Each structure stands twice: as structure tokens, then as C-alpha cells.
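From first to last, the protein sequence lines stand for chains R and U.
Our numbering applies: residue 1 is where the first sequence begins, and numbers increase by one.
Our numbering applies: residue 116 is where the second sequence begins, and numbers increase by one.
Note that these hints are calculated values from the structure, not bench results.
One should not assume that every hint holds.
As the list claims (entries may be wrong) - Below, computed lysine-lysine pairings styled on DSS-like, alpha-carbon distance capped at 30 Å:
#1 U:Lys-153 / R:Lys-71
#2 R:Lys-57 / U:Lys-118
#3 R:Lys-9 / R:Lys-70
#4 U:Lys-131 / R:Lys-57
Being a predicted model, the structure only gives us computed values, none of them experimental.
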Amino acid sequence: NAGVTQTPKFRVLKTGQSMTLLCAQDMNHEYMYWYRQDPGMGLRLIHYSVGEGTTAKGEVPDGYNVSRLKKQNFLLGLESAAPSQTSVYFCASSYGGREGQSEQFFGPGTRLTVL
Amino acid sequence: AQKVTQAQTEISVVEKEDVTLDCVYETRDTTYYLFWYKQPPSGELVFLIRRNSFDEQNEISGRYSWNFQKSTSSFNFTITASQVVDSAVYFCALMTTDSWGKFQFGAGTQVVVTP
């Protein structure tokens with residue numbers, strides 16, 4: 001099993017450009033998440049999904065959109081990239097559980113730089 | 116509101132020393148879950164432990180041990196006889212049952228173990 005994979009691993013954008021980050025998981029997990037990691041701030045939740053076809057906002061959703069058309073994939077889009085979106089992006093998935101309490105499994109991360 | 120505080124930004128130790136990482140959490144919920152993750156220099160996040168609010172038993176796994184105290188809202192992590200491979204950023208996270216699997220991460224503690 002590959003677990004959680006992310007594409008691409010690195011990307012450099014110019015301000016105003018758009019891009020999509022792809023997350024895929026092969027564990028049949030219901031829940032999927034997108035986080036950003038910035039120095040000294042831990043991981044902050046951008047958007048999440050509790051099942052195919054559903055999405056919801058996290059702590060820092062502005063400037064991002066997501067889609068979960070298939071259970072195994074969770075896409076994160078930046079419509080008009082800004083330097084403030086320079087960060088490391090992590091995707092995660094979890095089984096969920098009766099109370100959503102299962103641990104999250106993380107992808108390797110995508111390092112995005114916006115010039 | 117949920118909050119996780121990891122007050123120690125960085126801890127430096129010499130190999131074989133013990134190191135304790137503090138995690139203090141805030142929540143009004145009576146049912147919640149606490150997690151620890153390790154992020155080595157390679158960048159991936161590795162799940163270490165999950166503990167629910169009704170289980171205050173301490174846990175030991177090899178050189179790792181965790182002390183959960185509801186009275187002080189703390190879930191501290193100790194590495195005994197540290198090794199260079201323990202050098203990493205360690206994150207504490209909180210999840211409450213009404214949050215649909217959303218984690219609130221602390222800012223992380225960087226552990227540096229020198230030979």
C-alpha cells in the first residue's frame with residue numbers, strides 16, 4: 001500500500017498563477033484533510049472532507065478551494081496564488097471512527113513557493 | 116474553543132539524556148482525544164500515540180512514555196536515554212468529539228540530540 005501520496009512534491013509559482021495539489025489515499029479512508037505548515041505555527045487545517053462529495057472549511061480556508069469527487073482523492077486548489085501561501089502543504093486521511101477519533105495518516109508534503 | 120500549547124520551542128540534549136516535552140490543552144468537552152506525532156528532518160509526520168479522555172493510564176512504548184493528567188490538562192511525552200535518531204519536531208494534537216475528526220495541533224517542539 002502506498003498510503004497517502006501527494007503530487008507534486010515541489011512547486012514554484014508566480015503571484016496570480018493557479019495550481020492544484022493532488023492527494024490520493026489507498027486505505028479506503030472516509031476523512032481527508034489539507035493542512036499548511038509554517039514555521040512556529042504547527043499545522044493549520046485549511047479544508048477537510050468527511051466523505052466523498054463533501055467538503056468543509058477549516059481554520060485557514062481563504063484563498064483555497066477543494067474538491068472530493070472520488071473517495072480516494074482530495075484536491076486543493078489555489079486560484080490566484082499569493083506570497084502568503086508559500087508553505088508546506090500536507091494531506092492526511094483517517095478512518096474516522098464513530099466519533100472521528102482515529103489517527104490521521106499524512107502524506108509526504110508539498111513545498112510551495114510563491115514569488 | 117480548543118487550544119494546544121507546547122511552550123517549549125526547542126530542547127537540546129546530549130545523547131543518553133532523558134527529555135520531557137510538555138503539552139497543555141484546553142477544551143470544555145468531556146470526551147476528547149490527544150495525539151502525539153513525530154516529524155523527523157525528512158519531513159513526514161509519524162503517528163506515535165492516541166489517548167482518550169477517559170483513560171488516564173500512563174503508557175510506555177520502548178524508550179517513549181506518556182503521562183496524561185486531566186487535573187492539569189497535560190499530556191506530556193518523555194524520551195528516555197535519547198538517541199540522535201530522536202532528533203525531530205514533535206507535535207501534540209487535540210481532537211474533540213464534536214469536531215468531526217479535526218485536529219488542533221500545538222506549535223511543536225524541536226528536539227535536538229547531539230552525540
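Right, here's what the structure says about each hint:
1. U:Lys-153 / R:Lys-71: Between Lys-153 (chain U) and Lys-71 (chain R) the Cα gap is close to 27 Å, so the pair holds against 30 Å.
2. R:Lys-57 / U:Lys-118: holds, 18 Å
3. R:Lys-9 / R:Lys-70: holds, 21 Å
4. U:Lys-131 / R:Lys-57: violated, 44 Å
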